[in-house]
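Trainee: Single-letter residue listing:
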Amino acid sequence: ESADPQQTAFALRKAWTLYSVTPLHRFRRSRLSDYARLLSAFIAAEKQKGLAVEVGVELDIKVALSSLAELRGSELDQAALLVQLSSRSRASSKNSEDKLVWSGWFCSMFGDELSENVPENFTCLPLFLTHGAESYTSLVGSWFQKTFDCCFRRLAISPLNLSWMVAMWAGYKLERAASAVELVFSMPCLSQPLDISYAIHPEDAKALWDTVQKTPGEITQGEVDVFMDCLYAHFHRHFKIHLSAAKLVKVSTGIASAHCDGIVKILHSQYLPGVLMLLTELAISQIQ
Amino acid sequence: MMRHGAGSDWSVRKAGAGSTGASEAAGPRRVRRSRDSAHRCPLSEGSEHSSERTHSNSPGRQPAPHPSARTRPRFPGGSIMDATVAEYIRRTVLKMPKDEIKMMLQKWGFLSEAQLQTLNFHQIKDNISHEVVQLCEENSADIKQAAALDIIYNHIYQNKRMWSVYQMKKSGEEDEYFDIADFKKKFKRRIRSALKNVTITFKEYEDNAIWIRVAWGTPYKKPNQYKPSYVVYHSQTPYIFISASMLKSNLPLLCQALIVASNYHDIREMELRSHSLNSLKDIVFKRYSQNFETYTPKPLQGGNVEPENADIRIIHENGREKERIHRLNQEAFGSGPQPQLEFAQYKLETMFKSGPKMDVLDKKEPFRCLVKFSSPHLLESLKSLAPAGMADAPLSPLLTCIPHKARNYFKIREKKKSFVSP
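Chains as they are written, first to last, in the working numbering: chain A, 292 to 579; chain B, 35 to 456.
There's no promise every hint is true.
[What the hints assert, rightly or not] What follows is a set of in silico ranges between Cβ atoms, one per label pair, in the way DEER data are often shown:
# : chain 1 : residue 1 : chain 2 : residue 2 : range
1 : B       : Glu134    : A       : Glu425    : 41 to 47 Å
2 : B       : Glu448    : A       : Ala536    : 49 to 55 Å
3 : B       : Cys435    : A       : Ala536    : 20 to 26 Å
4 : B       : Asn231    : A       : Leu391    : 41 to 47 Å
Note that these hints are calculated values from the structure, not bench results.
Here the structure is a predicted model, which means the values were calculated and not measured.
We put the CB at the ideal spot given by N, CA and C, even for glycine.
Please construct the entire structure, taking both the sequences and the accompanying hints into account.
Mentor: Pasting the structure below:
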């Protein structure tokens with residue numbers, strides 16, 4: 292299960308914006324360098340038109356597409372596809388290194404549910420994660436959309452799914468001192484908006500989860516509910532506030548953090564597949 | 035068709051938003067460099083000056099050598115101003131919103147009205163700041179004046195800073211007559227006895243507030259004017275408000291100097307912090323409308339619970355409950371406007387108690403949590419929780435006690451039982 296750390300290092304400790312992607316039509320793994328060239332030309336052309344790139348800096352954008360064979364759940368999954376945009380300033384000398392300005396990757400982690408039902412000629416990589424300027428995301432997305440007739444949608448994460456994540460992640464064991472298990476709630480509809488950050492010592496959160504979860508390796512909705520109810524009850528005991536009436540907008544643990552706008556950050560390579568699996572599931576349910 | 039969360043179509047984005055065009059008509063841009071040594075050209079600089087302003091040339095004036103400046107910029111007019119002072123004044127002016135610069139310079143009073151008339155406030159701020167510096171050079175501004183200008187800016191924009199509250203204690207003597215001159219003298223003496231490289235500036239305001247600005251250096255370095263501490267002291271009270279953008283190492287010295295100067299013997303930091311200085315004052319000076327324990331037995335006139343529904347066909351089902359909540363809120367928060375705080379933080383070290391049916395955690399150790407409430411106006415938002423159905427009424431005393439306990443940082447431990455529980 293553990294992927295090559297080299298291959299996965301890029302994915303860690305970055306805030307990724309999430310999208311769901313419908314299957315790509317007539318995508319050929321063998322043509323990656325062609326695609327890179329075409330995307331590069333597309334970006335240059337768009338820049339000429341003066342659209343959607345940062346003005347004022349003379350940059351050549353270099354595109355690199357690569358397959359990450361290790362980043363997949365099972366053999367039924369497609370290998371992840373990484374797109375990287377680098378820049379080299381025209382003004383600087385030939386010795387200057389390329390600077391990575393944007394990366395995005397397509398991924399499927401145990402996404403059989405989708406790939407089973409899809410005709411040939413379609414490649415299923417339902418999860419798309421981006422890091423970098425929105426303008427570049429826009430360019431790359433437009434090109435993929437045009438070329439492979441697919442559709443991108445921002446993947447929001449509901450409070451229900453956020454509470455799954457926090458319950459699950461709070462239960463993971465971490466060797467050394469981890470950061471707190473934090474839940475951030477928002478109450479926007481009051482006369483003055485109120486945000487509440489509720490951070491629990493990771494050992495105590497894990498201790499609570501351990502008494503809630505009955506079967507190792509299996510988590511039920513009921514268990515997640517009990518976990519959350521316990522946290523709500525403890526809070527209510529002190530403050531008389533019903534956190535269940537507030538909107539859960541962000542959860543954060545030593546493993547990973549997730550925001551309801553569809554932004555995640557993964558901190559531990561060991562748990563990368565687990566997190567990706569959850570996100571793939573969310574992406575697929577958004578597509579279907 | 036690609037759909038973005040915000041609804042915009044990706045393929046038709048314009049670059050306009052990101053472009054850098056200056057938002058002000060620059061006009062013929064006069065190049066005025068800050069007069070540092072790199073750009074100095076003493077003799078030819080005269081030609082740079084615009085002929086629009088009368089320039090006070092005093093050829094006969096001999097610039098006296100200034101001990102602290104090494105490379106002093108000079109130009110016809112013969113005034114000497116330290117390059118660092120010039121730069122500091124320039125940057126202070128740049129911080130000000132353009133339409134307030136004139137007002138602040140007037141409050142400052144260092145430049146004459148005639149000089150202020152010569153300034154063109156309709157050009158870009160960069161140019162205004164350079165012109166101001168030139169005028170300051172004519173008047174030979176030194177760091178004291180520059181610091182005074184900084185206090186004026188920070189007094190008006192006091193809410194940009196984070197303020198902590200300290201309380202001083204007397205050893206039980208009578209309140210002595212407060213002598214401001216004595217206070218200043220003792221304060222300066224105490225600080226300087228430990229650290230020579232400091233800039234200390236005082237300004238008194240009508241509401242009896244004394245503002246103190248201290249820029250800190252080290253035994254070997256001149257004071258850093260860009261990270262001063264600000265102290266606000268109302269002499270009739272034991273409270274000190276400090277905004278320190280400095281290393282914590284200078285804080286003890288500052289506190290020492292304050293108690294020495296004000297004839298107190300001890301000082302402690304309160305657990306109360308906010309950007310709103312006035313709200314902190316409201317809280318510690320008890321200037322907000324508090325709830326006192328006297329309970330008004332008669333119901334509130336008009337039952338102002340839901341004033342917006344004028345349609346009499348609408349009946350409020352929970353009318354009585356709403357009134358009850360409203361009444362309890364009034365008791366807890368008072369009926370006036372609340373002091374403005376932005377956050378409250380609670381470190382909880384209490385036991386976790388599970389509900390009766392839940393077969394969960396039953397540790398003997400505290401369930402450690404850190405809870406932080408944030409809002410542009412925390413107390414108002416807490417006040418609206420129960421009416422909105424998000425909280426029970428009465429709200430927890432942990433929240434309602436914030437103003438009268440004058441704190442927004444709490445550590446909550448389990449109450450110790452005074453008897454052996456069965």
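Trainee: Give a verdict on every hint.
Mentor: Now the hints, each set against the structure:
The beta-carbon spacing between Glu134 of chain B and Glu425 of chain A, approximately 34 Å, falls outside the hinted interval of 41 to 47 Å. Between Glu448 of chain B and Ala536 of chain A the C-beta distance comes to about 27 Å, which lies outside the given range of 49 to 55 Å. The hinted window of 20 to 26 Å between Cys435 of chain B and Ala536 of chain A holds, with their beta carbons roughly 23 Å apart. Taking 41 to 47 Å as the suggested C-beta distance range, the pair Asn231 of chain B and Leu391 of chain A conforms, at roughly 45 Å.
Of the numbered hints stated above, those contradicted by the structure are hints 1, 2, listed in ascending order.
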